[in-house]
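2 protein chains.
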Amino acid sequence: MHSLQFTAESSSNGMIERDFTVGGVPGVLWSPASGTDRAPLVLMGHGGGAHKKHVAMTARAQRLVTGCGFHVAVIDAPGHGDRPRNAQDEQDIAELRQAQAAGEPTGPVIIRYNARLAELAVPEWQAALDALQELPEIGADGPVGFVGIGLGTAIGIPLVAAEPRITAAAFGPHWPDALVEKAQRITVPVEFALQWDDEHIPREAGLALFDAFASKEKTLHANAGKHLEMPRFEVDSTVRFLARHLGQAVTTPA
Amino acid sequence: MHSLQFTAESSSNGMIERDFTVGGVPGVLWSPASGTDRAPLVLMGHGGGAHKKHVAMTARAQRLVTGCGFHVAVIDAPGHGDRPRNAQDEQDIAELRQAQAAGEPTGPVIIRYNARLAELAVPEWQAALDALQELPEIGADGPVGFVGIGLGTAIGIPLVAAEPRITAAAFGPHWPDALVEKAQRITVPVEFALQWDDEHIPREAGLALFDAFASKEKTLHANAGKHLEMPRFEVDSTVRFLARHLGQAVTTPA
Numbered sequence: 001m002h003s004l005q006f007t008a009e010s011s012s013n014g015m016i017e018r019d020f021t022v023g024g025v026p027g028v029l030w031s032p033a034s035g036t037d038r039a040p041l042v043l044m045g046h047g048g049g050a051h052k053k054h055v056a057m058t059a060r061a062q063r064l065v066t067g068c069g070f071h072v073a074v075i076d077a078p079g080h081g082d083r084p085r086n087a088q089d090e091q092d093i094a095e096l097r098q099a100q101a102a103g104e105p106t107g108p109v110i111i112r113y114n115a116r117l118a119e120l121a122v123p124e125w126q127a128a129l130d131a132l133q134e135l136p137e138i139g140a141d142g143p144v145g146f147v148g149i150g151l152g153t154a155i156g157i158p159l160v161a162a163e164p165r166i167t168a169a170a171f172g173p174h175w176p177d178a179l180v181e182k183a184q185r186i187t188v189p190v191e192f193a194l195q196w197d198d199e200h201i202p203r204e205a206g207l208a209l210f211d212a213f214a215s216k217e218k219t220l221h222a223n224a225g226k227h228l229e230m231p232r233f234e235v236d237s238t239v240r241f242l243a244r245h246l247g248q249a250v251t252t253p254a
Numbered sequence: 001m002h003s004l005q006f007t008a009e010s011s012s013n014g015m016i017e018r019d020f021t022v023g024g025v026p027g028v029l030w031s032p033a034s035g036t037d038r039a040p041l042v043l044m045g046h047g048g049g050a051h052k053k054h055v056a057m058t059a060r061a062q063r064l065v066t067g068c069g070f071h072v073a074v075i076d077a078p079g080h081g082d083r084p085r086n087a088q089d090e091q092d093i094a095e096l097r098q099a100q101a102a103g104e105p106t107g108p109v110i111i112r113y114n115a116r117l118a119e120l121a122v123p124e125w126q127a128a129l130d131a132l133q134e135l136p137e138i139g140a141d142g143p144v145g146f147v148g149i150g151l152g153t154a155i156g157i158p159l160v161a162a163e164p165r166i167t168a169a170a171f172g173p174h175w176p177d178a179l180v181e182k183a184q185r186i187t188v189p190v191e192f193a194l195q196w197d198d199e200h201i202p203r204e205a206g207l208a209l210f211d212a213f214a215s216k217e218k219t220l221h222a223n224a225g226k227h228l229e230m231p232r233f234e235v236d237s238t239v240r241f242l243a244r245h246l247g248q249a250v251t252t253p254a
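If you read the sequences in order, they're chains X and U. Residue 163 in my numbering sits at position 163 of the first sequence; the count goes up by one each step and never skips. Residue 154 in my numbering sits at position 154 of the second sequence; the count goes up by one each step and never skips.
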């Protein structure tokens with residue numbers, strides 16, 4: 001088992017930010033500045049083309065850490081953030097850019113590309129979780145949640161399907177093609193958000209992925225608007241969902 | 001114009017409860033016990049077979065009044081609560097019981113029955129709103145929201161379509177048949193909840209009704225479970241939705 005190596009530490013806005021690597025994969029762990037009491041852990045998967053400290057991650061981390069007292073960890077996906085791209089990454093990205101430039105549907109490229117990354121990323125996440133649970137402020141038996149956006153959903157669905165330690169998961173929109181079979185194995189509470197007027201992911205495809213989850217408690221949030229127009233209040237909703245299931249009260253900012 | 005006649009007043013749990021009639025229609029107005037400052041008004045439409053003080057109404061009123069400082073008003077639908085049933089009401093209810101006893105779909109009966117009640121109830125609601133806005137603690141130019149459940153949705157969709165004073169609306173599940181055309185005229189923010197495994201309202205029918213709203217901001221909340229299994233956290237969500245749009249902060253209970 002790889003252990004977790006902290007490589008940098010800083011602090012702002014009530015959060016301690018610690019960069020780490022585990023088995024060569026770079027990650028970040030945000031924790032409440034106020035104390036070292038044992039607290040639930042939320043794993044977050046960043047979107048395609050983004051990285052562990054993308055604002056979509058830091059904004060959610062801020063709410064989860066200072067609002068709920070959770071620890072939040074993100075690792076860079078393969079070929080993302082501080083990780084090098086290999087030839088296959090370059091080729092997949094070139095195909096994606098080509099489809100975008102030609103005004104062709106990007107779905108087929110993204111589905112294949114993200115499925116390939118997910119296969120690499122799931123064991124990396126499991127190794128990261130093993131190492132994070134060695135930390136006394138997290139521990140081996142505390143609640144663990146997952147939040148995934150875009151690529152983070154493509155990685156998160158197979159991860160949550162494989163990983164009994166994760167007991168609640170919030171996912172953003174993705175194509176169902178490579179994910180339905182894995183979603184059908186997920187039984188923990190799920191909150192799933194999609195965009196009703198998504199210009200990339202057909203509405204029926206989004207609904208099919210929600211339908212696939214085997215969870216007794218699952219909630220779909222569908223908002224009017226295009227792919228990138230998800231309203232900000234969905235971030236608040238994700239925070240409340242995780243607070244409800246991981247067992248912390250949400251502190252509303254004054 | 002009919003004015004509002006208060007017929008009884010009591011107070012508990014931080015709410016003043018005032019029974020009233022307007023043009024012969026009985027209603028109830030809940031207000032914060034703490035003060036008489038002008039505050040937003042929420043109109044709530046009760047479900048079929050229920051009445052203005054059904055627990056589904058009082059539970060929501062409590063959250064809206066003591067959590068947000070809103071006024072909340074409910075009137076009895078025709079043939080419901082303190083209002084007499086006429087021969088047509090008795091016949092519709094008999095048909096509904098017959099369909100239930102025979103295990104036949106209740107949708108066709110409910111759609112027709114509720115559409116008939118809505119035609120009567122919309123002008124009653126408008127007269128009640130006129131009279132409520134005469135009260136100094138509500139006023140003619142304050143924000144007005146609507147919450148409808150079941151029959152309250154069947155009445156509320158044509159009401160909100162016809163009534164520019166209502167600026168935000170939360171609806172529960174209903175069949176789209178008699179409502180789509182009216183929903184297409186609604187442009188204010190809408191939160192619409194349905195049950196993913198509803199044994200009465202087909203999933204496609206619920207989604208079609210959500211799709212029909214012309215609102216730029218609309219949110220669908222679909223939860224796993226049958227018709228009567230809507231999770232309690234949807235009540236919290238409705239409260240937050242109205243607080244966001246009617247402009248009050250939500251106070252979380254300690």
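Hint data in this document are derived by calculation from the structure and do not stem from the laboratory. There may be inaccurate statements among the hints.
Which copy is meant is left open, because identical chains are indistinguishable; a pair holds if it fits in one copy or across any two.
Here are the simulated DSS-like cross-link-like pairs (lysine-lysine), alpha carbons at most 30 Å apart as the crow flies [said to hold, decoys possible]:
no., residue 1, residue 2
1, Lys53, Lys226
2, Lys216, Lys226
3, Lys182, Lys226
4, Lys182, Lys53
5, Lys216, Lys182
Hints, one by one, checked against the model:
no., hint, in the structure
1, Lys53 x Lys226, "within (24 Å within a copy, 40 Å between copies)"
2, Lys216 x Lys226, "both (29 Å within a copy, 11 Å between copies)"
3, Lys182 x Lys226, "both (26 Å within a copy, 24 Å between copies)"
4, Lys182 x Lys53, "within (27 Å within a copy, 46 Å between copies)"
5, Lys216 x Lys182, "within (16 Å within a copy, 34 Å between copies)"
No hint from the list above goes unmet by this structure.
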